[in-house]
Amino acid sequence: MFRPQEMTRTLLIGAKQDLEHTIELLHTLEVVHIIDFTTAEADEHLTLGAPTTKASGVSQNLLKVRSSAQMLSLNPEKQTISEKLSEKQIQHDISLKIQDMELSVLSLMETKTRLEEHFRKLDERIRQVEPFATMDLPLEDYQGYDHLSVFTGYVRDLKKLTENIPTITQEYELFFSDADDQMIALFIIKKHTEDASKLLNDCGFTEVKLPEGTGLPKQFIEKWTEQKKELSEKLVQTTKDILEFRKRYAEFILASEEYLAIEVQKAEAPVLFGTTEHSFMIDCWVPTHEIQHVTETLEKEMNGSLYIQQIESKHDDEPPTLLKNSKPVRRFEYLLELYSIPNYRDIDPSFILSLIFPLFFGLMIGDIGYGILLILFGILFMKLFKDSEGFTNIGWYIIIAGIFSSIFGLFLFGDMFGLPFMLAHGAEGETAYTWSTLLGIHIPIPSVIHKMESLGMTQLLVISIIAGYLHLGLGLLIGVLVERKHDKKHAITKIGLLFVLTALALLIFVMADWTIGQWLKPLKDTTIAPALWGTFIPLVKSGFSFGGLLVPYVSMVFGILGIILIIIVAGGFGLVEVLEVTSHLMSYTRLAAICVAKAAMAFAFNMIGLGLILSGNIIIGILGVILLIFMQLMVFALGALSSGIQAVRLHYVEFFMKFYKGEGLRFNPFGYKRKYTTTK
Amino acid sequence: MAAETGIIAIGAGIAIGSAALATAWAQKTIGAAAVGAAAENEKMFGKGLIYMVLPETIVLFGLVIAFLLWTKM
Chain A
1 MFRPQEMTRT
11 LLIGAKQDLE
21 HTIELLHTLE
31 VVHIIDFTTA
41 EADEHLTLGA
51 PTTKASGVSQ
61 NLLKVRSSAQ
71 MLSLNPEKQT
81 ISEKLSEKQI
91 QHDISLKIQD
101 MELSVLSLME
111 TKTRLEEHFR
121 KLDERIRQVE
131 PFATMDLPLE
141 DYQGYDHLSV
151 FTGYVRDLKK
161 LTENIPTITQ
171 EYELFFSDAD
181 DQMIALFIIK
191 KHTEDASKLL
201 NDCGFTEVKL
211 PEGTGLPKQF
221 IEKWTEQKKE
231 LSEKLVQTTK
241 DILEFRKRYA
251 EFILASEEYL
261 AIEVQKAEAP
271 VLFGTTEHSF
281 MIDCWVPTHE
291 IQHVTETLEK
301 EMNGSLYIQQ
311 IESKHDDEPP
321 TLLKNSKPVR
331 RFEYLLELYS
341 IPNYRDIDPS
351 FILSLIFPLF
361 FGLMIGDIGY
371 GILLILFGIL
381 FMKLFKDSEG
391 FTNIGWYIII
401 AGIFSSIFGL
411 FLFGDMFGLP
421 FMLAHGAEGE
431 TAYTWSTLLG
441 IHIPIPSVIH
451 KMESLGMTQL
461 LVISIIAGYL
471 HLGLGLLIGV
481 LVERKHDKKH
491 AITKIGLLFV
501 LTALALLIFV
511 MADWTIGQWL
521 KPLKDTTIAP
531 ALWGTFIPLV
541 KSGFSFGGLL
551 VPYVSMVFGI
561 LGIILIIIVA
571 GGFGLVEVLE
581 VTSHLMSYTR
591 LAAICVAKAA
601 MAFAFNMIGL
611 GLILSGNIII
621 GILGVILLIF
631 MQLMVFALGA
641 LSSGIQAVRL
651 HYVEFFMKFY
661 KGEGLRFNPF
671 GYKRKYTTTK
Chain B
681 MAAETGIIAI
691 GAGIAIGSAA
701 LATAWAQKTI
711 GAAAVGAAAE
721 NEKMFGKGLI
731 YMVLPETIVL
741 FGLVIAFLLW
751 TKM
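Line order of the protein sequences matches chains A and B. Quick note on numbering: our numbering labels position 352 of the first sequence as 352, and the sequence is numbered without any gaps. Quick note on numbering: our numbering labels position 51 of the second sequence as 731, and the sequence is numbered without any gaps.
Only chain B is shown next, with the shape it has when bound in the complex (with noise of 0.2 Å):
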């Protein structure tokens, strides 16, 4: 049992772990980007802030999965 809910446990970390990692990639890119073109036109402000914020949902998928994994430890 105590091993079992070890793996689960593993696995919750691994999920939400590699979201965060591919989240924080993604907007590594499009952060720069944006302030760049914010930067040249602040009117971009808006429109770079969402692109910015779109790989977030990467990591809440993450946090689901781990989610529902820790439920079932």
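So that you can see chain A by itself, here it is in the shape it has in the complex (with noise of 0.2 Å):
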């Protein structure tokens, strides 16, 4: 739980004409993660593997499988099959299917890209001819001429035109359409040319040019357009036809895609091994608690003929890291992942996170209205998102999450969407609403702690300080175990820093004494009431007062203890170590900071809510619950993202900065995932 799965190094060596079905194990078996072998390691005796020779064919294969479920839009990982097909029923219709399956597919594609081809050419057509078409003149009386100069286009100003051609000359014609577009073609005298182009430009004149082709543009725009019609219909039946390819072989695609893909992932396995002129080497490595099975299955499959021996771990190998976890708890790792994936020698923390992660972020909200709504916008994004993995995860936190937070809401906070259920003192926050006053019942569930009492934000504080100091001692317990073999120095410095932590933790207890005190108090009955106030207590309260400042002569010793242990390890530079354990132990101040701002956001909306709902003017009470409403949510949103990312915060920046080092390389057994394949 607290260790990655512990890995066995093995070296596998046989003679080649047993490697393709040392591989055929292996992949069956997926539970064996291959070093690769590099050119580095090479020798005179040892070379790297070259793939089989059935690589590039099926390569090939994979290749045309996969252009053709391109063309279909078909996407292996989004889609799903009835029935996974078997293997050998792919082997078998694989090579007749597959090569008429690309030439149906091409010749489609062809037809339909042909069709739009010839479709666009078309409507590019009556669209140069379309202006032609308001004016009836066939299209080769516009040119021919020796004496003339033709200008067709559009004009902006045609009143003008019509008004000032005259005083150029008198020998010109003038079209122009009846429609709005002001299309107008223009013969005139060819000496007159250059006047008129320049009052044509006076108009706003742009040209049009005119298309090739004789007749009259009315009909051309009628026969294009029938042909069009006839065009489209084809093209409907070719995408229906394609639609229909496209479900029939389906299944076959993906499953033979799945398939070949396995193929080349076998054939090309070798180029991960060294090799000899006659034999083959596998160095991987496989969890110990399956080196028992894997050894008997290749020994029994082979007959003996694989020589399998295990290797010693040295201390610079850099085995790949499996976590083993319960299945709650794994969900955990890909927050832990999104960090580092933790090295083979760290201690895994999902278990720790997959606690205290969603206990923080519940603290943080602490608000059973938030809780619930809570929980049901995790459920909501696991539905919504339930093909991604990393989505479903985040709503599983948001989840649990939401459950501590309607616990702390309804046990320690007492309210629900920033309103108190009751009021405990009375004297302070008179005007405030509770739930009890709102709906007229008693509901007698006290606020342990008021939120926006000063008294409430003390005690806030010191729970995070106290909260702070077990997560970071915890962190700082696990590096001085995970270095007190490799690294002592580092460990003594964690041990050190363990005092310093405590020093200042004391410290600020005896500076909040009387809020502790409270909570000592139901301990007085008890039978270690003598020992505490007998004994514990005074003594961490005897000091010397430092500035108004009370300095327990306990908080002292430990913290000069673990300074002087710091300095004689690690020298004057391990103070600022001494620095940082301060700044991370205030840092925890923020789970007080987030809880008190968003109820104190909670608190102003619904002063401003409630006061308009409870005004007495309807109009103004509906405005009122949309406001709240809308003021609600904002708050839910607002503080959910907030808490949690600065929950995440919490463990990535103090708590891993004391242990983990991350970095791994991941368990990557030779294997696949089958979706649409079975071996059966």
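For the record, the hints were derived by calculation from the structure and aren't laboratory data.
Below, computed lysine-lysine pairings styled on DSS-like, alpha-carbon distance capped at 30 Å:
id	chain 1	residue 1	chain 2	residue 2
1	A	Lys327	B	Lys723
2	A	Lys489	B	Lys727
3	B	Lys727	A	Lys327
4	A	Lys661	B	Lys727
5	A	Lys488	B	Lys727
6	B	Lys723	A	Lys675
7	A	Lys300	A	Lys54
8	A	Lys386	B	Lys723
9	B	Lys727	A	Lys383
10	A	Lys324	B	Lys723
11	A	Lys673	B	Lys723
12	B	Lys723	A	Lys314
13	A	Lys661	B	Lys723
14	A	Lys661	B	Lys708
15	A	Lys16	A	Lys673
16	A	Lys521	B	Lys752
17	A	Lys541	B	Lys752
18	B	Lys727	A	Lys485
19	B	Lys727	A	Lys386
20	B	Lys727	A	Lys324
To be clear about the criterion: a stretch of chain A counts as covered by chain B if any three or more of its residues have a C-beta under 8 Å from a C-beta of chain B, and this derived list gives those stretches:
id	stretch
21	337-346
22	444-458
23	588-597
24	648-655
Glycine is no exception: its CB is placed at the ideal position from the N, C-alpha and C atoms.
Using the hints, put the two standalone chains together into the complex.
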């Protein structure tokens, strides 16, 4: 639970004729992480392996299937099929079907492209001829004159043109369309070309090029529109054909894509191995608890022709990491890996993360109303994004945080949507609303801690510091455990830091004497009371006054001891870590800060919203309800977002820095996660 | 007494306000760089987030001081 799966390094050596069989076996076992044989390790005897002979054929087929899949827009990752196809069946079909399928897809696609192309060309032609259709002149009449210049195009100011042309010459003819677009055709004696073009420019002329061909433009358009209609019918049919084809072949394409991908993987596996002329060597990591099974299977299936040797792992080996956690905890591995994949020698903090992350998250929200909203939101999130592993995991975190938030809201803070169930004191905040006064029934859920009072704020700060002390202390302890073997210096520094941390925490507890004293009250009648009040508390409290601050002797001793330890082991530079641990402890006050900030925001919005609702005026009341819902949602969204990020941060920065190294290598067993095929 | 309380309140306000400004300033730069890094390489997301939230401790110092002042009011 706290350690990644133990790995054993194993060497498999065999004769080359057994290579394919070995690969086949390893592929089905799916528990062997092969260490890539690099050219750096090669020498005159041992060289990098080459893909098997069938590799290129299989790759080609895979390429064909993939291109067909792409043309039919089939995405293997997003499809589901009713029944998995057996490998034997695919093997049987593949050589026949692939050729056929590829040709059919190609011809279908070609037909479609051709039709589309033709359609587009007709469209283009119609667009060219269209302007001329408004004037009843055949196309051949626009050209072929020796003494005439012809202008065709649009003008902005037709009136100006008609008025001014006669001032240039009388020998002209002007046609224009009846439609609004002011298309004109101007025929004018050639020697006046320059003047005419100047005038046209002044009237905002844009030329339209004369299309090729002879005849009346209207007739062209009629003919082409007819052709377009036929084409679009054909196109619809072709699209239908393609869909039909896609439906018929989808299963085969998906399954054969997977089958071929697996075949390629197997065929190319030898490039991971070292080989000599007649033998091969596979260097790999196997989870230790699987080693017996692997060895037995290989020996039985290969009749002992494979040499299997376990080698002792060296210090600089980097075994891959395979975490072993129960299912609910496994979801938190995602959050851990977002930071970094654990190192093989790291302690796996997933379990701690799965407890404390939602605890902090929930504490910061600490409200039963938002808690229930969180749970619902989390469920919705998991439903909406059930295809994405990351998002479903986040949904899961939100649900657990919601549960914690509800518990805190019910038993500690006694509030729902920022409103307390009842007022405890009555004196403070008399004007404030509570659920009891609003609903007119007494709800006996007290607020143990009032977020909006100065005392409550102090209590929350003390809780934050306690949480920080325990969390950081745990981190440092784990750090000591991890480092004690390979880096004694670091381990001792961490012990020193633990002392300093204790000194700081004690100092703060004594400062918050009254708050803590109240919490200890229930212990008054227990058997540990004499020890607690007789020895422990006086011991902690005895100290000297420094600038109005009581510094307990115990705290002094711990602090000095810690600093001396650090200086001895790490030198003066180690004192930086003392500063760091101090600021890390303070950093946990964000728990209180966000808790209170969110509550204050909700409180203010509730005052505004409820004030409007209870104003007596119906319209203002309805507006108030809408406004209040909107504002509450805003508090919820902001609160959930910041609490989540801050809870993550407290782990990533404060906690992990004490022991976590990360940068591990993910255990990646040789094999394939089959989705569309079975080996049966 | 009232004047003194007012001065303390202003002090608390300055404490948290200026600390928050400092945090925002620091986060602006880091955030932009972190998003850039994450866009190039998704694995940087975790690290980017850490760098991004580091300056938040500054505002907490401001908050604690403001709170200590507030209890003196």
